[in-house]
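Peer 1: The whole structure should be built from the sequences, with the hints applied where relevant.
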Amino acid sequence: MQRKIVPGVIKEIRCTTVTADKTVREAAVLMTAENIGAAIVVGAGGLVGIVTERDLMRKVIGANQDPDVITVGDVMTQNPDTITGDCLSSKALEMMVEKGYRHLPIVDAAGNPIGMVSQRDLYQAVQESLAEDLQACETYVHGGESYGVGA
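Mapping the sequence shown onto numbering that gives the first Met the number 0, position 68 (from 1) lands on 67, and the numbers just tick up by one.
Some hints here could point you the wrong way.
To be verified - The calculated label-pair distances, taken between Cβ atoms and stated as ranges, are:
| hint | residue 1 | residue 2 | range |
| --- | --- | --- | --- |
| 1 | Thr138 | Gly61 | 46 to 52 Å |
| 2 | Val140 | Met94 | 32 to 38 Å |
| 3 | Asp73 | Val125 | 32 to 38 Å |
Unchecked claim - Lysine-lysine pairs mimicking BS3-like chemistry, simulated, CA-CA at most 30 Å apart:
| hint | residue 1 | residue 2 |
| --- | --- | --- |
| 4 | Lys58 | Lys98 |
| 5 | Lys21 | Lys98 |
| 6 | Lys58 | Lys21 |
Treat the hints as calculated values from the structure; they're not laboratory data. Here the structure is a predicted model, which is why all the values come from computation and not from measurement. The beta-carbon is built from N, C-alpha and C at its ideal position, and this holds for glycine as well.
Peer 2: This is the structure in C-alpha coordinates:
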(Lines of atoms letter the chains of each structure in order from A and count residues from 1; the text may use other names and numbers.)
(Lines give C-alpha, C1' and ligand atoms only; values in the text may rest on other atoms or scores of the structure.)
Protein backbone atom coordinates (compact mmCIF):
# COMPACT_ATOMS: atom_id res chain seq x y z
CA MET A 1 0.00 0.00 0.00
CA GLN A 2 2.26 2.74 -1.27
CA ARG A 3 -0.37 5.30 -2.20
CA LYS A 4 0.14 8.96 -1.50
CA ILE A 5 -2.49 10.51 0.75
CA VAL A 6 -3.55 12.94 -1.97
CA PRO A 7 -4.95 11.83 -4.40
CA GLY A 8 -4.37 8.12 -3.75
CA VAL A 9 -6.41 7.94 -0.54
CA ILE A 10 -8.35 11.19 -0.47
CA LYS A 11 -9.82 12.07 -3.83
CA GLU A 12 -11.85 15.09 -2.72
CA ILE A 13 -10.03 17.42 -0.35
CA ARG A 14 -12.26 19.03 2.25
CA CYS A 15 -10.89 21.25 4.98
CA THR A 16 -13.39 21.95 7.72
CA THR A 17 -12.05 24.54 10.14
CA VAL A 18 -13.19 26.20 13.33
CA THR A 19 -11.61 28.91 15.48
CA ALA A 20 -10.53 28.39 19.08
CA ASP A 21 -12.99 30.99 20.37
CA LYS A 22 -16.07 29.08 19.15
CA THR A 23 -18.07 27.18 21.74
CA VAL A 24 -17.93 23.42 21.83
CA ARG A 25 -21.60 23.33 20.87
CA GLU A 26 -20.87 25.40 17.75
CA ALA A 27 -18.07 23.01 16.82
CA ALA A 28 -20.28 19.98 17.44
CA VAL A 29 -23.05 21.43 15.26
CA LEU A 30 -20.53 22.10 12.46
CA MET A 31 -18.98 18.64 12.73
CA THR A 32 -22.44 17.04 12.68
CA ALA A 33 -23.52 19.05 9.64
CA GLU A 34 -20.31 18.10 7.80
CA ASN A 35 -20.53 14.47 9.01
CA ILE A 36 -16.94 14.50 10.25
CA GLY A 37 -15.23 13.30 13.41
CA ALA A 38 -12.63 16.06 13.67
CA ALA A 39 -12.07 19.66 12.63
CA ILE A 40 -8.92 21.69 12.18
CA VAL A 41 -8.61 24.63 14.54
CA VAL A 42 -7.19 27.73 12.90
CA GLY A 43 -5.99 31.08 14.17
CA ALA A 44 -4.07 34.06 12.85
CA GLY A 45 -0.99 31.90 12.25
CA GLY A 46 -2.81 29.08 10.47
CA LEU A 47 -3.30 25.66 12.05
CA VAL A 48 -3.23 25.85 15.85
CA GLY A 49 -4.95 22.61 16.82
CA ILE A 50 -7.41 19.83 16.15
CA VAL A 51 -10.69 19.11 17.90
CA THR A 52 -12.24 15.66 17.73
CA GLU A 53 -15.50 14.09 18.75
CA ARG A 54 -13.48 12.21 21.37
CA ASP A 55 -12.35 15.57 22.83
CA LEU A 56 -15.97 16.69 23.01
CA MET A 57 -17.09 13.49 24.72
CA ARG A 58 -14.28 13.17 27.24
CA LYS A 59 -13.46 16.77 28.07
CA VAL A 60 -16.96 18.24 27.93
CA ILE A 61 -19.82 15.76 28.14
CA GLY A 62 -17.98 13.19 30.26
CA ALA A 63 -16.61 15.94 32.52
CA ASN A 64 -20.08 17.46 32.92
CA GLN A 65 -19.02 20.78 31.37
CA ASP A 66 -21.38 23.21 29.64
CA PRO A 67 -20.86 23.03 25.85
CA ASP A 68 -22.27 26.56 25.53
CA VAL A 69 -19.52 27.93 27.77
CA ILE A 70 -16.47 25.77 27.07
CA THR A 71 -14.57 26.86 23.96
CA VAL A 72 -12.82 24.80 21.32
CA GLY A 73 -9.55 26.26 22.60
CA ASP A 74 -10.23 24.72 26.01
CA VAL A 75 -10.48 21.17 24.66
CA MET A 76 -8.46 21.04 21.43
CA THR A 77 -5.13 19.33 20.98
CA GLN A 78 -2.65 22.11 20.35
CA ASN A 79 0.03 21.91 17.66
CA PRO A 80 -0.95 18.46 16.39
CA ASP A 81 1.27 16.29 14.24
CA THR A 82 0.54 16.82 10.56
CA ILE A 83 1.32 15.19 7.24
CA THR A 84 1.56 16.50 3.69
CA GLY A 85 -0.45 15.22 0.76
CA ASP A 86 2.55 13.35 -0.64
CA CYS A 87 2.96 11.31 2.56
CA LEU A 88 2.61 7.59 1.88
CA SER A 89 -0.56 6.08 3.30
CA SER A 90 1.41 3.33 5.03
CA LYS A 91 3.51 5.92 6.88
CA ALA A 92 0.41 7.90 7.91
CA LEU A 93 -1.32 4.75 9.17
CA GLU A 94 1.80 3.69 11.06
CA MET A 95 1.96 7.11 12.76
CA MET A 96 -1.72 6.97 13.65
CA VAL A 97 -1.51 3.49 15.15
CA GLU A 98 1.72 4.22 17.02
CA LYS A 99 0.44 7.45 18.55
CA GLY A 100 -3.23 6.51 18.95
CA TYR A 101 -4.59 9.07 16.50
CA ARG A 102 -7.81 8.66 14.55
CA HIS A 103 -7.32 11.79 12.45
CA LEU A 104 -4.32 13.65 11.01
CA PRO A 105 -4.43 17.12 9.51
CA ILE A 106 -2.98 17.47 6.02
CA VAL A 107 -0.97 20.61 5.31
CA ASP A 108 0.61 22.08 2.19
CA ALA A 109 4.31 22.87 1.81
CA ALA A 110 3.83 26.18 3.64
CA GLY A 111 2.12 24.46 6.60
CA ASN A 112 -1.38 25.69 5.74
CA PRO A 113 -4.17 23.20 6.44
CA ILE A 114 -5.73 21.65 3.34
CA GLY A 115 -7.61 18.63 4.70
CA MET A 116 -7.85 15.74 7.12
CA VAL A 117 -7.25 12.01 6.78
CA SER A 118 -8.87 9.45 9.08
CA GLN A 119 -8.07 5.87 9.97
CA ARG A 120 -11.23 4.91 8.09
CA ASP A 121 -9.84 6.51 4.91
CA LEU A 122 -6.57 4.63 5.30
CA TYR A 123 -8.15 1.26 6.10
CA GLN A 124 -10.34 1.61 3.01
CA ALA A 125 -7.20 2.26 0.93
CA VAL A 126 -5.58 -0.86 2.43
CA GLN A 127 -8.66 -2.93 1.58
CA GLU A 128 -8.68 -1.65 -2.02
CA SER A 129 -4.96 -2.31 -2.39
CA LEU A 130 -5.32 -5.87 -1.08
CA ALA A 131 -8.24 -6.50 -3.44
CA GLU A 132 -6.12 -5.30 -6.38
CA ASP A 133 -3.23 -7.56 -5.32
CA LEU A 134 -5.56 -10.54 -4.96
CA GLN A 135 -7.06 -9.94 -8.39
CA ALA A 136 -3.59 -9.72 -9.93
CA CYS A 137 -2.55 -13.00 -8.25
CA GLU A 138 -5.72 -14.77 -9.39
CA THR A 139 -5.18 -13.53 -12.93
CA TYR A 140 -1.62 -14.86 -12.88
CA VAL A 141 -2.57 -18.23 -11.39
CA HIS A 142 -5.46 -18.79 -13.78
CA GLY A 143 -3.52 -17.87 -16.91
CA GLY A 144 -4.64 -14.31 -17.53
CA GLU A 145 -2.29 -11.53 -18.42
CA SER A 146 1.22 -11.77 -17.04
CA TYR A 147 1.62 -10.93 -13.38
CA GLY A 148 4.53 -8.65 -12.55
CA VAL A 149 6.06 -8.85 -16.02
CA GLY A 150 6.66 -5.65 -17.96
CA ALA A 151 5.18 -5.51 -21.44
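Peer 1: Mind checking the alpha carbons of Lys58 and Lys98 for me, to see if they're no more than 30 Å apart?
Peer 2: holds (19 Å)
Peer 1: Take a quick look at whether Lys21 and Lys98 sit within 30 Å of each other, Cα to Cα.
Peer 2: holds (27 Å)
Peer 1: Please check whether Asp73 and Val125 have a Cβ separation lying inside 32 to 38 Å.
Peer 2: holds (35 Å)
Peer 1: Please check whether Thr138 and Gly61 have a Cβ separation lying inside 46 to 52 Å.
Peer 2: Between Thr138 and Gly61, where Cβ atoms are some 51 Å apart, the hint holds.
Peer 1: Please work out if Lys58 and Lys21 have their alpha carbons no farther apart than 30 Å.
Peer 2: The given pair, whose Cα atoms are some 15 Å apart, holds under the 30 Å limit.
Peer 1: Take the C-beta atom of Val140 and the C-beta atom of Met94, compute their distance, and say whether it sits inside 32 to 38 Å.
Peer 2: Holds: the Cβ-Cβ distance is about 35 Å, inside 32 to 38 Å.
Hint compliance for this structure: every hint is met.
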